[in-house]
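**Student:** Okay, here's what each chain looks like letter by letter:
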Amino acid sequence: MSDLVIDNISMRFDLPNGDYVQALQDVSLTLQSGELMSVLGPSGCGKTTLLNIVAGFLAPTSGEIRLNGDRVEGPAAERGMVFQQGALFEWMSVRDNVGFGPKMKGAPKAESRETVDHLLDVVGLQDFKEKMVYELSGGMQQRVALARCLANDPDVILMDEPLGALDALTREKMQGLVLKLWKETGKTIILITHSVEEALLLGERLLVMAPRPGRIHKEYRLPFADLGVGKDLREVKTHPDYGPKREEILSMIWDMEEEIMGRTEEAGA
Amino acid sequence: MIPLLIYVAIFVGAFFAVKFIVRRTQPRDFTSLKTVTFGDESAVRADRWASIISVVALFVLWGMFTGSALLPKFLHMPGPFVGDTSFAYTAEGPAGTDDAVVTVRVHPVDQKPDAPEVDPGDGFAKNDSVLIGAWRSGLILWDKNDEAKRKADGAKIIAIDGKPISAGERVRTANGTVAITDKGTINFTPAKGMQMEPIWLPSPEAVWARFIDLTQEGYQNFTVLEHLGWSLFRVVVGFFFGALIGIPLGYAMGLSNWFRGWFDPIVEFMRPVPPLALIPLVIIWFGIEEDAKIILLFLAALWIMAIAARAGVSGVNISKVHAAYSLGASKWQVMRYVIVPNSLPEIFTGARVAMGVCWGTVVAAELVAAEKGAGMMIMVASRFNLTDIVIVGIILIGVIGYGIDILMRQAERFLVPWKGRA
Ligand SMILES: Nc1ncnc2c1ncn2[C@@H]1O[C@H](COP(=O)(O)OP(=O)(O)O)[C@@H](O)[C@H]1O
Ligand SMILES: [Mg+2]
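Taken in order, these protein sequences are the chains called Y and R.
Going by UniProt numbering, the first sequence opens with residue 1, and the numbers climb by one from there.
Going by UniProt numbering, the second sequence opens with residue 1, and the numbers climb by one from there.
Because the hints were derived from the structure by calculation, they are not lab data.
Glycine included, each C-beta is placed from N, C-alpha and C at the ideal position.
Hints are supplied without guarantee of correctness; some may be wrong.
Said to hold, decoys possible - With a straight-line cut-off of 27 Å between C-alpha atoms, the simulated DSSO-like cross-links for lysine-lysine are:
id, chain 1, residue 1, chain 2, residue 2
1, Y, K103, R, K34
2, Y, K105, R, K192
3, Y, K131, R, K156
4, Y, K109, R, K183
5, Y, K173, Y, K131
6, Y, K103, R, K156
7, Y, K231, Y, K187
8, Y, K187, Y, K103
9, Y, K231, Y, K245
10, Y, K173, Y, K109
Unchecked claim - Partner residues are not named here, just some residues of chain R that face chain Y (Cβ under 7 Å, in silico):
id, residue
11, F233
12, S326
13, F414
14, G420
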């Protein structure tokens, strides 16, 4: 019963000028415990909105989110979030950032210290525990963000373009880390990304969304995430199914973007 | 005009001197290897030498134009003429014309020597002698001892040192200027030179001596340090209460619709009102005692701190707040661990501004009405033309204002090291 159920969610933003944006329309899906789903889609198709609703930062105009059978009413520790950047507390050391969740719960100091030390070892920051976060590089900061989220032992981890601001090399390393953490911890993960490759490599399931109104366009089940665990991700890219899938999804998203452009041009003309 | 020219000359001269002497020997670091520096703000660093020379130059100029004993004599601008000088006048009386000599003894204003002895000489015009202080001028009733008087005999001066002159005109003599007044008397102005009279600008050492004197003897019942101490005390107390009320008020405005709506008009209205404009009202309501000053400074700091705290709250990156909530933080914990620390840099910036404004306001308020304080000291001193006290006061006010700012900056670096690093 430890499923994440997204039940018929619609989200409509009413604009001050009387217009409205239908950011999501009748989105339904279910994630089994321990699944990693990546979400792709052109800009503005409601990916962030969907994630914010699951996290509990936004209430949908209709529909509901259920985790383990309980309706989601607001943010809570069972649904952790990893942001693209800027969400670390720069007034705290790396250790204090990671220990933030346990501290909020009032966990015993010694115990949370152990958790923090362990997680920092896992993400490879054992030598940076006492540093301030602004002294770290972008990739290291995202490792801290991952560790901070894991320290709380959430059921679901929501990631909104967590690697989007990193350079290509760091990004590849981090993708490996995300896979490793996913397998080791068995968390349910929703990962939004702009990169088709990243979505293919990391997503056990892959959701392609379409805009206006934001909706599910197509869903895939992929073997690459399982293949990639503990391996060089470049090896996975040589898998015979990988190239065709990539082309298929790329052109799908291209078409959507073209359509959006066409529509705006019509509107402009 | 001349001080400005000298200043520009020092500026330019020092620039080339430093460029050719010092630069050669400086170690090369990364910035010195940048080829594009014009327009690259990060490549512009205050030149240490320029700063030092700039300060020294100010004192040198000050010393040059006040004849400071700290400077070698050859650097002094020409001082006022001091000593004996003389000029001859030619008077025309009923008996024809006659010459006589006026001997002038110009003395420093703080000494009072005897007038020089002169022999009356012959003819109907007799020799005169007068005492004139440096930087002053003197009226010479030349006909007082002459046989032909101006009124009775219609005597008048027709030449000075042989140069023809009539009423209302002036003539240069060896060490000054002679003018004939409308009434026919001589007005002699000894050469003033180019130095400032101490009553307008005392020399640096005179100001220093006055400062020492003020620390011991004091002025207007208090030593200078007590005056400054009182001013500082008012600022600290006023700022403290301003921050004590202003920061929570700003937080409330940043966190609650009701508070924002209620206080927005008040804060936005009070923000552009300079605290100086409140002085009259504060005096009417609260008088000139301590409480009045502190209320004024409280008001000066209040809005600045409230606005800074409000900006600190609204400046929080929403993902930080979201992150805290999804890590299980309660509202109170979000406040305590996210909003407050996140707003500290803004609050420090506000505090620096508020301290500066308070310091300026307290001095101004003391200028208007006070029984003690730095502003009161210089105000009273200026009424008695005690320029040295005024200068001591201004320098100390500047030093303390600067000191406050440096202290705040140090505190900021120590307490909010993450400022500007997000
Ligand atoms: N607070 C908001 N008010 C109005 N419109 C919004 C708001 N948030 C998102 N939208 C609109 O909803 C749509 C989906 O946005 P978003 O979820 O951010 O897309 P994505 O993350 O896929 O790029 C966009 O058209 C966006 O303009
Ligand atoms: Mg988005």
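**Student:** Run every hint past the structure and note whether it holds.
**Tutor:** Quick rundown of the hints versus the structure:
1. Y:K103 / R:K34: violated, 48 Å
2. Y:K105 / R:K192: violated, 83 Å
3. Y:K131 / R:K156: It is violated: about 94 Å lies between the C-alpha atoms, which goes past 27 Å.
4. Y:K109 / R:K183: violated, 99 Å
5. Y:K173 / Y:K131: With a Cα-Cα distance of about 22 Å, the restraint between K173 of chain Y and K131 of chain Y holds, given a limit of 27 Å.
6. Y:K103 / R:K156: Roughly 103 Å between the alpha carbons, so the hint for K103 of chain Y and K156 of chain R is violated.
7. Y:K231 / Y:K187: holds, 20 Å
8. Y:K187 / Y:K103: Roughly 21 Å separates the two Cα atoms, so the pair holds.
9. Y:K231 / Y:K245: holds, 20 Å
10. Y:K173 / Y:K109: violated, 32 Å
11. F233: violated, 32 Å
12. S326: holds, 4 Å
13. F414: violated, 13 Å
14. G420: violated, 9 Å
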